[in-house]
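Novice: Now for the letters of each chain:
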Amino acid sequence: MFSALSRHVTFEGPVEQTAHVLQAILQGVIVELGGELVGHAKVIARTPLGVFYASTTGDRAPVHVNADGQPDPSVSTVAIDFNCVFHGLKRRRLATAWEHTAETLRQRGYRLVETPVLPSARVRGRGSRVNVGLGASMAASLVALKPCCVLPVLASVSGGGLGVLQFLQPLEPYRPYFLILTLMLLAIAFHRIYMRPQDETSDELEASVRRTKTVFLLSAVLFLGAVALPPLLPAQTHEHAPNGQHSHG
Amino acid sequence: MRVISVVGFLGSGKTTTIAALARHLTSQRERVAFLINDVGEVQIDGAVIRAGGHEVVEIYGGCLCLMQDDLYVGLNDLAAIPGLDWVIIEPAGTADAARMCRLLERFPRLSSPEIAARYRFQCRLGIVDAARYRLLMRSVPHLIRTSVRMADVVLLNKGDAASPAETTRIQTELGKWMKPNAALEVTTASAGLPPAIIEQVLGTGNHHV
Chain A
1 MFSALSRHVT FEGPVEQTAH VLQAILQGVI VELGGELVGH AKVIARTPLG
51 VFYASTTGDR APVHVNADGQ PDPSVSTVAI DFNCVFHGLK RRRLATAWEH
101 TAETLRQRGY RLVETPVLPS ARVRGRGSRV NVGLGASMAA SLVALKPCCV
151 LPVLASVSGG GLGVLQFLQP LEPYRPYFLI LTLMLLAIAF HRIYMRPQDE
201 TSDELEASVR RTKTVFLLSA VLFLGAVALP PLLPAQTHEH APNGQHSHG
Chain B
1001 MRVISVVGFL GSGKTTTIAA LARHLTSQRE RVAFLINDVG EVQIDGAVIR
1051 AGGHEVVEIY GGCLCLMQDD LYVGLNDLAA IPGLDWVIIE PAGTADAARM
1101 CRLLERFPRL SSPEIAARYR FQCRLGIVDA ARYRLLMRSV PHLIRTSVRM
1151 ADVVLLNKGD AASPAETTRI QTELGKWMKP NAALEVTTAS AGLPPAIIEQ
1201 VLGTGNHHV
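Protein chains in written order, with the numbering used here: chain A, 1 to 249; chain B, 1001 to 1209.
These are calculated hints, taken from the structure and not from any lab test.
Mixed in with the good hints there might be a few duds.
[Unchecked claim] What follows is a list of derived Cβ distance ranges for each label pair: (1) A/Met184 - B/Ala1165: 40 to 48 Å; (2) A/Leu217 - B/Ala1117: 50 to 58 Å; (3) B/Arg1145 - A/Glu36: 18 to 26 Å; (4) B/Asn1181 - A/Glu36: 52 to 60 Å; (5) B/Arg1031 - A/Thr10: 31 to 39 Å; (6) A/Thr214 - B/Arg1031: 48 to 56 Å; (7) A/Ser76 - B/Val1073: 56 to 64 Å; (8) B/Arg1145 - A/Glu103: 37 to 45 Å; (9) A/Val31 - B/Tyr1072: 40 to 48 Å; (10) B/Thr1168 - A/Val221: 53 to 61 Å; (11) A/Val221 - B/Tyr1072: 42 to 50 Å; (12) A/Glu114 - B/Ala1196: 45 to 53 Å.
Note that beta-carbon positions come from the ideal geometry of N, C-alpha and C, so glycine has one too.
Okay, chain A solo, but in the shape it has when bound (with noise of 0.2 Å):
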């Protein structure tokens, strides 16, 4: 599983410190994740005239700032793009490393202004996974609420109140299919989401596996519930009179 994060600060001060900068905010991160990373973090800081750009894959080396081009020493705020991409790790931390860095430079008299980095239109072909596990969850959702339980097993508490509910009551017998069907759909659910967990490279990808976290456990919730709900009820016996009329209990 690898997490992404990217940041776009923009940095108040003279050009001349900018490769002082990159390289705070680079060493800084990967001391703030500590430990064996694997994978890489990188910097760059766009200026008019040229480009300082920096990367490091958290080894004990130095940090090195390359320069493109004559910066203009004229130049006062310069725009710095920051990523990072690790194995292993959860995004959240990534962030928490980010910000405490961040913090630290600040603390340090640099002034360092944060602006959003625009969502990407390109995430594509990554979501299917979450999708399906989604996908499956809802469907869950769907088989349990529907024909399965809830709603005939609400239609006989209701005694009759939830009329609409009553055309359901024929699907009462096949209640043991519709269990075992709803239950390979979580299996499924549960296998993509948790068994195979989703690279976590933006907000909204991060958002999308949150949402699809609690769908799946609203389901499950909702599976349960229906698995227990019936036996918990009074039993509601249907009485043969001798004449062929029927009286409930």
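Go by the hints and put chain B onto chain A.
Specialist: Chain B alone, transformed into the frame defined by chain A:
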């Protein structure tokens, strides 16, 4: 339009290597463009290459091996550049090399006849990080092995950061996964690529698609 794909894990030296290739091609008056990919939401490698005065198509926000539409649109855009000789593709460091190769091999079948006639998948270049080889083989062995298995030329980069004995051990291991006719070279891309290695990458012409 000859295409070179450069696959390697994060931080293995892909961008440094393609910058060296670009300098050589430019010095030979060959026109080269780049298709640079990153999973992040900001493009850094593309800006670095563009700062060298090169044509760059950037695809970010996901791994190129899962973004067929964007890849093919990018290749079609580059194919429209008059007089273009080379396209160098740098997928994200998390890319699956096998999937990338399949996409690039399939491209001419899905493009126009004019582009298909000019398209040639020249070289699959795989870059392995000698300095972090053991760590990466513990963490992401599938990605490392696949990038080596698919490569026509394997560069064991950062050779200066590993001992000669370790470099030899790594070469022996890589040799077990490489294609029979693939080449393996030890490099330090940050110090520039030797002409012999560049010629090996550019001159591998056995892969007409």
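Novice: Each hint needs a verdict: does it hold in this structure or not?
Specialist: Checked hints:
no.: 1; hint: A/Met184 - B/Ala1165: 40 to 48 Å; in the structure: violated, 54 Å
no.: 2; hint: A/Leu217 - B/Ala1117: 50 to 58 Å; in the structure: holds, 55 Å
no.: 3; hint: B/Arg1145 - A/Glu36: 18 to 26 Å; in the structure: holds, 20 Å
no.: 4; hint: B/Asn1181 - A/Glu36: 52 to 60 Å; in the structure: violated, 36 Å
no.: 5; hint: B/Arg1031 - A/Thr10: 31 to 39 Å; in the structure: holds, 35 Å
no.: 6; hint: A/Thr214 - B/Arg1031: 48 to 56 Å; in the structure: holds, 51 Å
no.: 7; hint: A/Ser76 - B/Val1073: 56 to 64 Å; in the structure: violated, 39 Å
no.: 8; hint: B/Arg1145 - A/Glu103: 37 to 45 Å; in the structure: holds, 41 Å
no.: 9; hint: A/Val31 - B/Tyr1072: 40 to 48 Å; in the structure: holds, 41 Å
no.: 10; hint: B/Thr1168 - A/Val221: 53 to 61 Å; in the structure: holds, 58 Å
no.: 11; hint: A/Val221 - B/Tyr1072: 42 to 50 Å; in the structure: holds, 44 Å
no.: 12; hint: A/Glu114 - B/Ala1196: 45 to 53 Å; in the structure: holds, 47 Å
The structure fails to meet hints 1, 4, 7 from the earlier list, while all remaining hints are met.
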